[in-house]
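Participant: Listed here are the chains, written in short residue letters.
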Amino acid sequence: MTPAIPRISLIWLLVAQALVILPHLAHLPLWFTGLWAFCAAWRLQIFRMRARYPNGLAKAALILATAAGVFWSRGGLIGLEAGTALLMATFVLKLVEMRTQRDALVLIYLGFFAVVTAYLLDSEMLSALYSVLPVTALLAAMVGLQQSRLAMQPWPTLRYAGKLLLQSLPLMLLLFVFFPRLGPLWSLPQPGSKGISGLAESMTPGDIANLGRSPEPVFRASFEGATPPRSELYWRALTLEHFDGRRWSQTPDLPVLATDSWQAQGQNLSYSILMQPSLQRWLFALDTARTDLPGARQLSDYRLVNVSPVEQPLLYRVSSWPQVVRDPELRPTQQRRALQLPAGNPRARELAAELKARYARPEQLVAALLTRFNQGEYFYTLKPPTLSGDTVDAFLFDSRRGFCAHYAGAATFVLRAAGIPARVVAGYQGGEFNRQGGYVQVHQFDAHAWVEYWLPERGWQRVDPTFAVAPERIEQGLEAALAEEGSFLEDSPLSPLRYRDVALLNQLRLAWDNLNYGWQRWVLGYQSEQQLGLLQRWFGEWDIQRLVIVLGGGGVLLGLLMALLLLKPWQQRLDAQQRVYRRFERLLARHGVARRPGEGARDYARRAALVLPQQARQIEGFAECFEVQRYAGIASDKGQLAQQLRALRRALPWRLSRLDDGETTR
Amino acid sequence: MRNKLDACLQAVNQVVLGKAPQVQLAMACLLARGHLLIEDLPGMGKTTLSHTLAKVLGLSFQRIQFTSDLLPGDILGTSVFDKESGQFTFHPGPIFAELVLADEINRATPKSQSALLEAMEEGQVTIEGATRPLPEPFFVIATQNPVTQSGTFALPESQLDRFLMRLSLGYPAHAAEKALLQGQGRRAMLSRQEPLLSHRELAELQQLVEQVHASDALIDYVLRLVEATRSQPQFAWGLSPRAALGLLNAARAWALLANREYVIPEDVQAVLPAVAGHRLRERADPSGHGGSALVQWLLREVPAL
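Sequence order for the protein chains is R and H.
For what it's worth, UniProt numbering labels the leading residue of the first sequence as 1, then goes sequentially.
For what it's worth, UniProt numbering labels the leading residue of the second sequence as 1, then goes sequentially.
Honestly, the hints are just simulated from the structure, not real lab data.
From the three backbone atoms N, C-alpha and C, an ideal C-beta is built for every residue, glycine too.
Wrong hints could be hidden among the right ones.
[As the list claims (entries may be wrong)] Under 10 Å between C-beta atoms, here's a sample of chain H residues computed to sit facing chain R:
{"no.": "1", "residue": "Y171"}
{"no.": "2", "residue": "H174"}
{"no.": "3", "residue": "D216"}
{"no.": "4", "residue": "L223"}
{"no.": "5", "residue": "V226"}
{"no.": "6", "residue": "R230"}
{"no.": "7", "residue": "E261"}
{"no.": "8", "residue": "P265"}
{"no.": "9", "residue": "D267"}
{"no.": "10", "residue": "P273"}
{"no.": "11", "residue": "R300"}
{"no.": "12", "residue": "E301"}
{"no.": "13", "residue": "P303"}
{"no.": "14", "residue": "A304"}
[Stated by the list, open to error] Pair by pair, the computed Cβ-Cβ distance ranges are:
{"no.": "15", "chain 1": "H", "residue 1": "P137", "chain 2": "R", "residue 2": "I634", "range": "24 to 34 Å"}
{"no.": "16", "chain 1": "H", "residue 1": "P303", "chain 2": "R", "residue 2": "L565", "range": "19 to 29 Å"}
{"no.": "17", "chain 1": "R", "residue 1": "A4", "chain 2": "H", "residue 2": "R187", "range": "28 to 38 Å"}
{"no.": "18", "chain 1": "R", "residue 1": "D103", "chain 2": "H", "residue 2": "P156", "range": "54 to 64 Å"}
{"no.": "19", "chain 1": "H", "residue 1": "P156", "chain 2": "R", "residue 2": "K163", "range": "30 to 40 Å"}
{"no.": "20", "chain 1": "H", "residue 1": "P241", "chain 2": "R", "residue 2": "N55", "range": "34 to 44 Å"}
{"no.": "21", "chain 1": "R", "residue 1": "G559", "chain 2": "H", "residue 2": "P303", "range": "54 to 64 Å"}
{"no.": "22", "chain 1": "H", "residue 1": "P146", "chain 2": "R", "residue 2": "R596", "range": "28 to 38 Å"}
{"no.": "23", "chain 1": "H", "residue 1": "P241", "chain 2": "R", "residue 2": "L551", "range": "46 to 56 Å"}
{"no.": "24", "chain 1": "R", "residue 1": "A616", "chain 2": "H", "residue 2": "E118", "range": "44 to 54 Å"}
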């Protein structure tokens with residue numbers, strides 16, 4: 001007879017299940033809610049004795065149907081999403097066939113596991129805080145399961161669970177700080193790229209305008225020392241060198257830049273960047289940058305790239321030297337790439353020829369081009385008209401309305417047509433300075449494109465045609481630049497970024513953002529390197545081996561101490577008689593007669609003698625001897641008992657393994 | 001001395017047929033100076049057993065039939081005005097006997113019950129300001145119908161605790177009942193029964209019980225049993241220290257009846273159902289009769305060694 005599941009435990013289990021499933025719902029197929037409601041209702045009916053447990057057939061049908069459902073809605077049974085869906089389905093289905101305490105325990109452990117898998121899908125601070133709720137409810141179900149005096153009352157059960165959780169808090173912190181961050185033992189394919197927008201490897205002018213509508217965060221940067229003015233914050237992501245008449249795209253397979261190809265000079269900016277997953281390999285940095293991120297490299301266009309696409313928030317430190325001269329000499333292939341132009345756009349070429357005739361020096365030519373943008377009837381807008389045919393011509397001479405990418409693309413075209421090597425740089429510009437946290441938050445709408453042109457010996461020079469059209473975009477941000485048009489984030493009416501002029505809301509938003517940054521930086525970003533750094537700061541410059549030995553040794557010592565305290569071996573001192581008796585018991589148990597806990601020596605011997613009639617004399621002799629020594633209060637020779645045991649051992653056939661009770665009594 | 005005990009048991013067993021274990025328990029109870037409660041349906045031989053015990057042990061015997069209109073004075077006795085001497089003289093009640101059979105104790109009101117129970121505990125009674133000692137030895141054998149029968153007042157737990165043991169006789173076995181039907185009337189047998197023990201011998205036996213050795217290991221076992229009843233959740237309440245003492249004494253008497261000079265765990269286990277059964281209640285059913293199931297649990301689960 002196995003113990004049934006108490007009512008309170010069942011209630012808490014159902015509550016816990018709801019809490020566990022809730023954060024998963026967004027990632028689960030719709031029909032899952034129905035399955036869950038069905039199973040919960042069935043379980044309740046079983047509890048009210050109005051329904052029966054499913055039989056084997058029904059169980060098999062349920063499992064097959066669920067697996068088929070997952071396969072159908074997730075396109076397979078392998079992968080993170082399908083895997084979680086299967087896990088959650090098991091979690092829900094187990095509810096129906098849960099009969100005994102053991103089943104309920106299985107369900108509870110599954111629940112803990114499901115809580116952890118939620119972190120795979122979402123590691124925000126709020127969701128981590130939320131997981132305290134299901135864990136508490138699961139603990140309460142576990143407490144209720146143990147048929148204690150709390151088994152009848154829901155709230156004390158919950159309070160007890162909460163107390164347990166609070167008590168485990170110091171241990172949690174300790175483990176968080178000291179537990180070694182092991183590399184993953186297996187890897188799950190990460191969720192697909194859908195839903196993550198950002199810069200792409202090629203750009204038509206409209207692309208960045210689309211990004212300009214998105215309030216998603218891209219990265220945060222915190223500077224050591226003063227944060228530079230925002231007009232200096234040109235975060236390079238990639239360069240676009242190839243133009244096909246419509247689309248700017250990057251040169252594939254750029255060579256890696258050797259570390260000694262440029263020398264640090266001038267002032268240095270040090271900062272760390274916490275990047276949101278972009279599923280791209282490039283990293284964001286100010287010019288000209290070096291990072292200590294392992295495996296990161298610098299390509300020949302001076303951008304930084306990671307070893308693999310960034311799939312999780314990534315924290316890296318960068319040092320930038322803005323005054324470094326990049327490429328004082330250009331190799332012929334580079335020159336060719338920086339001058340490449342497709343046919344077409346005759347009016348732009350005409351303009352280039354005209355400018356070239358008037359200004360001998362490239363700087364003058366660039367300045368004249370910027371003046372043209374500044375003085376001519378050019379407008380900065382998020383909603384540029386659609387262009388066709390010779391897009392550069394159409395923009396420069398007809399529509400004259402565009403976003404940064406229009407200006408950067410057109411300027412690059414004209415410069416190239418005038419024989420000046422130039423390229424489009426895509427990245428982000430500016431960002432929002434969070435005063436409380438002292439960091440810069442960059443959103444997708446900070447996406448930007450600007451121009452670099454090359455001068456002999458002075459290398460690549462940055463020039464931003466957007467600045468000539470809409471200086472407020474660079475100095476104050478997109479919102480100010482679009483103030484007249486009113487198109488800033490008009491597609492996201494709920495985004496708190498829209499309400500930056502409400503002081504209280506803005507304060508709250510910035511504080512919340514700061515909190516999230518701290519979470520990502522100090523909790524999610526606390527990986528093995530940071531751990532080692534912290535430990536070394538506390539314990540001095542020890543190497544890993546020594547740290548592991550000391551910490552591991554300390555842990556083992558602590559465990560031993562706790563074991564001593566809990567098990568109290570000094571209280572379980574067995575006297576000599578008892579030790580001999582234990583040997584007697586073990587001997588007989590091997591022959592199929594195990595003593596029951598409530599059985600006295602005499603009853604046991606009698607039963608054993610019935611099972612082993614040939615050794616009855618020795619068995620009873622030993623039991624009598626033990627009884628007299630133990631209960632009669634007659635001090636006698638210790639050896640006598642051992643002697644009796646030896647006699648019994650000799651009389652019994654030699655047997656090493658244990659004999660089942662049933663075998664001899666059958 | 002030992003032979004005399006055997007002879008006593010044998011004599012009782014000849015009158016009360018087929019109930020050897022209960023007879024032995026009843027004897028152990030009396031040797032341990034405890035009072036006995038016999039609970040069973042009417043007509044199962046409760047009265048016969050107690051009457052036989054009184055005869056065999058040579059004790060003066062009084063029987064009080066408890067009814068719902070019984071008054072404390074009917075048990076303890078009253079002072080009656082004597083016209084000739086012009087004074088009140090005390091007429092002792094049936095309680096002043098060495099073995100008192102309180103028949104169907106649960107038919108009387110709690111007031112009358114408590115008059116008896118106080119006498120059991122103190123060994124003396126106080127009537128009209130004068131304290132009068134009860135005879136020595138003094139035993140009470142109470143019988144009661146199962147409380148589920150109508151017209152009964154269940155004994156409260158505090159009073160149940162004063163009985164060392166509670167026994168239940170149960171229906172006789174087939175052969176025993178046949179012998180009973182074939183044999184002569186019990187009443188006639190009883191009247192012919194001669195006492196087998198003198199008061200002195202009985203006192204000596206009671207002395208012997210106290211001398212039976214209980215080792216440390218055994219007392220540990222008794223403590224384990226008692227502590228289990230206090231710590232395990234299924235018990236509504238634990239055994240009292242009086243119960244623990246009673247258990248040990250009863251086990252000693254049982255050991256003496258088994259002709260042993262020391263107590264072993266099996267002795268404790270033999271008397272445990274009778275000693276603890278009426279003192280324990282299940283938490284889930286505090287008014288019910290879960291005691292014997294709990295005792296079985298104790299016997300099974302509490303480590304004996």
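Participant: State the violated hints by number, sorted upward, taking the hints as numbered earlier in the document.
Facilitator: 1, 2, 4, 5, 6, 10, 17, 18, 20, 21
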